[in-house]
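So the chains spell out like this:
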Amino acid sequence: MKPWIEKQHHLIDFTAQSLARRKGKSLGLLVVYTLLVFVLASVSLYTHALRNEATRILAGTPEIVLQRLIAGRHDLVPPGYVERIGRIRGVQKIEGRLWGYYYDSVLKANYTFMVAADREIAPGEIVVGPALERTRGLSEGNGISFRSYSGELHTFIAAEVLPHESELVSADLVLMNEADFRRFFAYPAGHYTDVALWVANPLEVRNVGVKLLDALPDSRPILREEVLRTYASIFDWREGMMLALLSAAILAFGIFAWEKAAGLSAEEKREIGILKAIGWETGDVIAMKFWEGFLVSLLAFLIGYVTAYLHVFHFEFTLFAPVLKGWAVLYPSFALTPQIDGLQVATLFVFTVLPYTAATLVPIWRAATTDPDTVMRS
Amino acid sequence: MLELANIRKVFNQGQHNEYWALKGIDLEIPPAQVSVLKGPSGSGKTTLLTILGCLARPTEGRVRLNREDISGLPERFLTEIRRRTFGFIFQQFNLIRGLSAVENIILPGYPGGTPRAQLLARAEALLADLQLAHRRDAKVEWLSGGEQQRVAICRALINDPEILVADEPTANLDSKLSAEFLLILHRLAESGRTVILTSHDPLVVESAVVDRVYSLRDGLLIEVQHARRAAP
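Line order of the protein sequences matches chains Y and S. All residue numbers for the first sequence refer to this note's numbering, where the first residue is 1 and numbers rise by one. All residue numbers for the second sequence refer to this note's numbering, where the first residue is 1001 and numbers rise by one.
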């Protein structure tokens, strides 16, 4: 075993020297390869972290949101509706919600106005999301006026700014009390935007959904797991779109890598001839080339992955954020929780390191099996 | 002892340009002596040398090393024999550019898995023996022709081979360096190594260090001259 390890050690030494001797080619390949791993790893780390973030945030949301439909469109929940739901078994808590959108012509952005169920907000006061603090310069005690859809001007005092940790879901939020909300939007009394339901037993959620449909045929229950699935699809779709756009670059890299790895220069062929003549076996030459491919791709993988990690979790995914986050005037500014998924790393490793290593081996076979006596005749 | 029996070698067999380089050679290479294969260009001396050095296989005939038939061995075993038994010095030296003298010398020791420290100690001893210790870390492309050849000799000796094979070793050397090279060969034969070389350089063929001269022409062995070795 020891001579075998010693031999691999020698081969790695020789490979490292060979790479150092061909600095231009090796560095060029390493840079392009690292760039590719960086892009792929950035996209994959970001979407993965975003999905997890969404899951984490949605964990505190109700299991079911019930909307009322008229002609297939979302309509207000009429009075008496909430009371009818209360009789369904398995429902732990039920709550009519009030929320809506407001277009701010100053910023040309939409805010989400909402009545906070879990906190008391004094009349004439609002609690705002961090994006409003940033864009409208709102801080505690400042006043702001919104013109309602009826043309009336309403002035509110910002009582509090929501914490930045929740920015992914609260960037554009404006919380107020029920009376202010109804007055501002001229919302009919007793009506709600939708109904939130909490179900104690997670296995019962689907059953409750079916019961809701039976009891209220004009309603649409939206399960939390469906929302999660939708988020996942959106991120998957965006990730896919981005990778599709990048596929041309990936293909170009493939051709470049193949050419660089596979194309043996006359000097390299000569060297292989010499090595064979002085007693290297075909297997030794192939092992040497294997180490070359493996070292280059492993190094590129490590550098690319670490840079991608820094890019996503420390530099807020600056390069590709507009593509993956989507478009908005009020961009949430949020830091993702750093995390690495083993399966994701393994997949990226398999799709980058292995093909390159294999690509270096195939053409070398031919060169390595040349007769050692050719060197005598060169 | 190396013995060849009825060695024939063909290139491009079955094609319109089929060419028989060797047409039936029988010879014995005595141990611990300097033997020279001489002949004009195209006589088959390099082909014969590649067969003697296990770099190529004969199309027909037998090669025996120390009475053992090695002509039918698979490539792996033949490479192993080549590595342990033979050291090669090529006409163009065939050193690997970009590597230092010492790195070139230890290359044949890599496949055997000999520890690096051991290989370096051997290489340094060889360099010292050939008065080249001061050029240990110089890149080979910076060395003179004579120095390059001495590095090639060190490389050929790193695995302590029984037989040293050299193809036209003086073709790129002037008379002084050729004489020095022959002196080294003499010392190696004196220490018990078998030396086989090809040459048509009269300085080599007529040298006092040479024990046997095999003359080839058109793929046939036409004459064997024995000489009594004297100090050069």
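Because the hints were derived from the structure by calculation, they are not lab data. In this text, a Cβ means the ideal position worked out from N, Cα and C, and glycines have one as well. Keep in mind that a hint or two might mislead.
To spell it out: a stretch of chain Y is covered by chain S in this simulated footprint if at least three of its residues, at any positions, have a beta carbon under 8 Å from a beta carbon of chain S; those stretches are [to be verified]:
| no. | stretch |
| --- | --- |
| 1 | 85-98 |
| 2 | 148-158 |
Simulated coverage check for chain S against chain Y, where a stretch passes if three residues somewhere in it have a Cβ under 8 Å from a Cβ of chain Y [as the list claims (entries may be wrong)]:
| no. | stretch |
| --- | --- |
| 3 | 1008-1019 |
| 4 | 1048-1056 |
| 5 | 1071-1079 |
| 6 | 1096-1106 |
Check your understanding: Okay, the stretch 1096-1106 of chain S and chain Y, do three or more residues pass the C-beta test at under 8 Å?
Key -> holds (count 5)
Practice item. Check, residue by residue, whether the stretch 1071-1079 of chain S contains three or more positions whose beta-carbon lies closer than 8 Å to a beta-carbon of chain Y, and give the verdict. Key: holds (count 3)
Review point. Taking a Cβ-to-Cβ distance below 8 Å as contact, does the stretch 85-98 of chain Y have at least three residues touching chain S?
Key: violated (count 0)
Exercise for review: Three residues minimum, CB to CB under 8 Å: does the stretch 148-158 of chain Y make the cut for coverage by chain S? Let me know.
Suggested key: violated (count 0)
Review point. With a cut-off of 8 Å between beta carbons, are at least three residues of the stretch 1048-1056 of chain S near chain Y?
Key: holds (count 4)
Exercise for review: Test coverage of the stretch 1008-1019 of chain S by chain Y using CB-CB distances below 8 Å; three residues minimum.
Suggested key: Check failed, 0 qualifying residues.
The structure shown violates the earlier hints numbered 1, 2 and 3.
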